[in-house]
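Student: If you want the building blocks of each chain, they are given just below.
Number of protein chains: 2
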Amino acid sequence: MTSNSIGIGMIGCGTVGQGVAQILSQQKTLYTRRLGTELALQRILVRDAKRTQQCSKIDPSIVTTNPDEFFTTPNIGIIIEVAGGRGLISQYVRRALSDGKHVVTANKSLLAAEGSELFSLAHENRVSIAFEASCGGGIPIITALQFGLMANKINAMYGILNGTCNYILTEMTQSGKCYSEALSEAQEHGFAEADPTLDVSGQDAAEKLAILSSLAFGIQATSAHVQSEGIDQLNLTDIKFGSELGYDIKLLAIAERNNKSDDHVSLRVHPCFVHTEIPLAQVHGPFNALSVYGHATGQTLYYGRGAGQMPTASAVVSDVINIASGWYPHAFGELKLWSNDHGKNNWVNPDDLPSRFYLRISARDTPGVVAKVGTILGDAGISVSALLQHEVDADKFVPVVITTHSARQGAMNKALAEIGRLEVINGQPVCIRIVDLPHD
Amino acid sequence: MTSNSIGIGMIGCGTVGQGVAQILSQQKTLYTRRLGTELALQRILVRDAKRTQQCSKIDPSIVTTNPDEFFTTPNIGIIIEVAGGRGLISQYVRRALSDGKHVVTANKSLLAAEGSELFSLAHENRVSIAFEASCGGGIPIITALQFGLMANKINAMYGILNGTCNYILTEMTQSGKCYSEALSEAQEHGFAEADPTLDVSGQDAAEKLAILSSLAFGIQATSAHVQSEGIDQLNLTDIKFGSELGYDIKLLAIAERNNKSDDHVSLRVHPCFVHTEIPLAQVHGPFNALSVYGHATGQTLYYGRGAGQMPTASAVVSDVINIASGWYPHAFGELKLWSNDHGKNNWVNPDDLPSRFYLRISARDTPGVVAKVGTILGDAGISVSALLQHEVDADKFVPVVITTHSARQGAMNKALAEIGRLEVINGQPVCIRIVDLPHD
Numbered sequence: 165m166t167s168n169s170i171g172i173g174m175i176g177c178g179t180v181g182q183g184v185a186q187i188l189s190q191q192k193t194l195y196t197r198r199l200g201t202e203l204a205l206q207r208i209l210v211r212d213a214k215r216t217q218q219c220s221k222i223d224p225s226i227v228t229t230n231p232d233e234f235f236t237t238p239n240i241g242i243i244i245e246v247a248g249g250r251g252l253i254s255q256y257v258r259r260a261l262s263d264g265k266h267v268v269t270a271n272k273s274l275l276a277a278e279g280s281e282l283f284s285l286a287h288e289n290r291v292s293i294a295f296e297a298s299c300g301g302g303i304p305i306i307t308a309l310q311f312g313l314m315a316n317k318i319n320a321m322y323g324i325l326n327g328t329c330n331y332i333l334t335e336m337t338q339s340g341k342c343y344s345e346a347l348s349e350a351q352e353h354g355f356a357e358a359d360p361t362l363d364v365s366g367q368d369a370a371e372k373l374a375i376l377s378s379l380a381f382g383i384q385a386t387s388a389h390v391q392s393e394g395i396d397q398l399n400l401t402d403i404k405f406g407s408e409l410g411y412d413i414k415l416l417a418i419a420e421r422n423n424k425s426d427d428h429v430s431l432r433v434h435p436c437f438v439h440t441e442i443p444l445a446q447v448h449g450p451f452n453a454l455s456v457y458g459h460a461t462g463q464t465l466y467y468g469r470g471a472g473q474m475p476t477a478s479a480v481v482s483d484v485i486n487i488a489s490g491w492y493p494h495a496f497g498e499l500k501l502w503s504n505d506h507g508k509n510n511w512v513n514p515d516d517l518p519s520r521f522y523l524r525i526s527a528r529d530t531p532g533v534v535a536k537v538g539t540i541l542g543d544a545g546i547s548v549s550a551l552l553q554h555e556v557d558a559d560k561f562v563p564v565v566i567t568t569h570s571a572r573q574g575a576m577n578k579a580l581a582e583i584g585r586l587e588v589i590n591g592q593p594v595c596i597r598i599v600d601l602p603h604d
Numbered sequence: 165m166t167s168n169s170i171g172i173g174m175i176g177c178g179t180v181g182q183g184v185a186q187i188l189s190q191q192k193t194l195y196t197r198r199l200g201t202e203l204a205l206q207r208i209l210v211r212d213a214k215r216t217q218q219c220s221k222i223d224p225s226i227v228t229t230n231p232d233e234f235f236t237t238p239n240i241g242i243i244i245e246v247a248g249g250r251g252l253i254s255q256y257v258r259r260a261l262s263d264g265k266h267v268v269t270a271n272k273s274l275l276a277a278e279g280s281e282l283f284s285l286a287h288e289n290r291v292s293i294a295f296e297a298s299c300g301g302g303i304p305i306i307t308a309l310q311f312g313l314m315a316n317k318i319n320a321m322y323g324i325l326n327g328t329c330n331y332i333l334t335e336m337t338q339s340g341k342c343y344s345e346a347l348s349e350a351q352e353h354g355f356a357e358a359d360p361t362l363d364v365s366g367q368d369a370a371e372k373l374a375i376l377s378s379l380a381f382g383i384q385a386t387s388a389h390v391q392s393e394g395i396d397q398l399n400l401t402d403i404k405f406g407s408e409l410g411y412d413i414k415l416l417a418i419a420e421r422n423n424k425s426d427d428h429v430s431l432r433v434h435p436c437f438v439h440t441e442i443p444l445a446q447v448h449g450p451f452n453a454l455s456v457y458g459h460a461t462g463q464t465l466y467y468g469r470g471a472g473q474m475p476t477a478s479a480v481v482s483d484v485i486n487i488a489s490g491w492y493p494h495a496f497g498e499l500k501l502w503s504n505d506h507g508k509n510n511w512v513n514p515d516d517l518p519s520r521f522y523l524r525i526s527a528r529d530t531p532g533v534v535a536k537v538g539t540i541l542g543d544a545g546i547s548v549s550a551l552l553q554h555e556v557d558a559d560k561f562v563p564v565v566i567t568t569h570s571a572r573q574g575a576m577n578k579a580l581a582e583i584g585r586l587e588v589i590n591g592q593p594v595c596i597r598i599v600d601l602p603h604d
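So the protein sequences, as listed, match chains S and U. Numbering of the first sequence is given in the working numbering, commencing with residue 165 and proceeding in unit increments. Numbering of the second sequence is given in the working numbering, commencing with residue 165 and proceeding in unit increments.
Treat each hint with caution, since some may be false.
In this list, chains with the same sequence are indistinguishable; a pair is considered to hold if it fits within one copy or across any two.
Lysine-lysine pairs mimicking DSS-like chemistry, simulated, CA-CA at most 25 Å apart [claimed, not checked]:
| no. | residue 1 | residue 2 |
| --- | --- | --- |
| 1 | Lys341 | Lys578 |
| 2 | Lys317 | Lys221 |
| 3 | Lys317 | Lys508 |
| 4 | Lys404 | Lys341 |
| 5 | Lys424 | Lys578 |
| 6 | Lys578 | Lys221 |
| 7 | Lys221 | Lys192 |
| 8 | Lys192 | Lys317 |
| 9 | Lys317 | Lys424 |
| 10 | Lys424 | Lys560 |
| 11 | Lys578 | Lys536 |
| 12 | Lys560 | Lys404 |
| 13 | Lys424 | Lys404 |
| 14 | Lys221 | Lys341 |
| 15 | Lys536 | Lys214 |
| 16 | Lys560 | Lys536 |
| 17 | Lys560 | Lys221 |
| 18 | Lys192 | Lys508 |
| 19 | Lys192 | Lys424 |
| 20 | Lys404 | Lys508 |
| 21 | Lys508 | Lys424 |
| 22 | Lys317 | Lys214 |
| 23 | Lys560 | Lys578 |
Everything labelled a hint here was simulated from the structure, so no lab data went into it. Small disclaimer: the values here were computed from a predicted structure and weren't measured.
Please model the complete structure; the sequences and the hints are all you need to start from.
Tutor: Structure (structure tokens):
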């Protein structure tokens, strides 16, 4: 290390960590020119040193498995955390902050659960936490929310925040594959983990939404505040019917202020139909996008690779440079981001959320069923918008698709329970929300 | 003004200026909470005080037509410039910087021509210039390039940066209107000025591209470095043929590093065909978008309203807050943005630019013409990719459309001149570039 350099420590050295090491060494000249100072990766803390030995990009002499050795390395001002998970990693992050070191993290689970506490700890120790890599990979959406859109009161956000789910849904829609086929393919191409639960359950998107909403709304949201539902129960039949009606299926992460009292917000992640013509419907495969509705800007949308080694490493290293240049710690200290002083959070009652709905019923006796379902919906104050039914052979169950005008979720839940009890239908009705983005 | 407030002066009070005044007063509580300090608009300099008298949002007691009175108002730390134009306005901006005041400007013409000088002057006086509103209206693309993508070496940018042109091209494509009809409609809807020259000539997009390229490539570009061509010569016939071939017409602003020697760059604005399936092709009407290709992130795209009162005012006020909170001046001082030390610019020779091409020829004798044109192209080393010709009545000129594989612009220019001299064709051939965005 020269006297004119900034020391960096890194916790974790998996895919993203190796990408970070690679970018830092490849683009040393560029960064030194931009900063006037050299960035020096001095120490890497790993659980198992053998794994990093296989990576030619990593100098083995800087790798340690000893946390005390890592944390007492002199002249380290910035700690990068790319190990993921909580527990021990949370302790490491807290130790770094308490030692007066800035932290750059890609860890959405940690921030979604403990963000508010960690931010307070950082403020107490006059250091900063940068976390662009925690949401949207290489897309600078955190920077946009923290700084670029600063003059806006954010009214809503709609995001495709999980590339695995979007890849699977794109394959189901465009190639007519069923869920399990599309999942296998995603796994083969490296877009899904061997255990895909965190992604396909909606949990990963919920964690990201909690982080983004905390910033955008000035609230303290955790993933427990996000009502979430995954894509693993989706049926190809419904995707095809949706197409006929002009809709694409997407797993959307949605954060909205209530129309009537805008200090109430709702956070949710669920599969839904969106009009094929809106920009979010054009986001295919492993790509991510976030539409942000500001009171002054209207809609702005951010699109790119939401995961992967180099896009995520790009976000991490951008954060490192922004800390090293000194401005980010200043901004972090001044702006009241994720702070404790916004008062309590007010959540919209999920039963009160308005939505349009898509229903599919497997009917024994079509005219009779339509009449009965229509009556139940009418009694619940839900009006039908369209009805779709194809000719089929007699003596079979016939799929009947109904779309509705906007109705309260609670009213629909009640109607669904009643419809499910009808003897003239087979099984339970399928219900998928139709999301209309604000007009802009 | 309370003791705990930041004084703001504003030069100009047209549409955007009035929007700025409105946002500052409407969202006072939000901004004070975010900043811990109040933003106080204390003085507005205008040419004609009568115009602002008609606006109920503006307190007439703060409006002045006297520059000396304006510049000597005490306690003003930030000057907003939303008057536009150069000459006198440039003098005002220089006076503000020399007086040690930060400047927020939406003035693309000024920055595209004098940005480098103004940045130097700001650095000398230890103040900052913020200019998010100069490109892309309310879309925070300057913030993305300055900070969010900091770890990336930017390899290319492709932008729809002029809403007027995009509105006109969308109308021509979707509603089959000719250029002059679409322009009239844009004027009726307020998307085009009475004199639309600056927009439809490509000049406005060229100015924005000069600013964005200076940031992204670390060069000193002015709009004179941008080869630009407008949309006013476009023919509906070609837009329809393009559609048949799977292309949409867009006015793209393109900044690319040379493949071979990446310290050489090219900057250009021209109408071109792009595949209907790429994200930029989905940008319709008055919307803007910018695709940025970073070495690590790959493509990220930014989309939203590129003009209009409130989106532009949103960008201006975001800049004001970022200055007022103190971090932006810090960042501006530290980072070597638009600085003089990047050495000289190296431009790619326009003749060497590779492109695919669309050609339309009005042929008297189809087989003979195709053979002759094919020979000319072949001799120039340009190979034909597709050929399109519809049946028409005999004895008329027949449009023949040819698309080519990638070729040098210089070779195509030479071929076009030869084709134009053929006696078997009517008039000059139409040539439109086909732009393939990098694979991501």
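Student: Taking the hints in turn, state whether each one holds.
Tutor: Verification of the hints:
no., hint, result
1, Lys341 with Lys578, "neither (33 Å within a copy, 50 Å between copies)"
2, Lys317 with Lys221, "between (44 Å within a copy, 20 Å between copies)"
3, Lys317 with Lys508, "within (18 Å within a copy, 43 Å between copies)"
4, Lys404 with Lys341, "within (11 Å within a copy, 34 Å between copies)"
5, Lys424 with Lys578, "within (24 Å within a copy, 65 Å between copies)"
6, Lys578 with Lys221, "neither (59 Å within a copy, 49 Å between copies)"
7, Lys221 with Lys192, "within (14 Å within a copy, 51 Å between copies)"
8, Lys192 with Lys317, "between (38 Å within a copy, 11 Å between copies)"
9, Lys317 with Lys424, "within (15 Å within a copy, 46 Å between copies)"
10, Lys424 with Lys560, "neither (46 Å within a copy, 65 Å between copies)"
11, Lys578 with Lys536, "within (15 Å within a copy, 74 Å between copies)"
12, Lys560 with Lys404, "within (20 Å within a copy, 47 Å between copies)"
13, Lys424 with Lys404, "neither (35 Å within a copy, 47 Å between copies)"
14, Lys221 with Lys341, "neither (39 Å within a copy, 57 Å between copies)"
15, Lys536 with Lys214, "neither (66 Å within a copy, 67 Å between copies)"
16, Lys560 with Lys536, "within (19 Å within a copy, 64 Å between copies)"
17, Lys560 with Lys221, "neither (62 Å within a copy, 67 Å between copies)"
18, Lys192 with Lys508, "between (45 Å within a copy, 21 Å between copies)"
19, Lys192 with Lys424, "between (52 Å within a copy, 21 Å between copies)"
20, Lys404 with Lys508, "neither (43 Å within a copy, 57 Å between copies)"
21, Lys508 with Lys424, "within (18 Å within a copy, 57 Å between copies)"
22, Lys317 with Lys214, "neither (49 Å within a copy, 32 Å between copies)"
23, Lys560 with Lys578, "neither (27 Å within a copy, 69 Å between copies)"
Hint compliance for this structure: hints 1, 6, 10, 13, 14, 15, 17, 20, 22, 23 are not met, and every other hint is.
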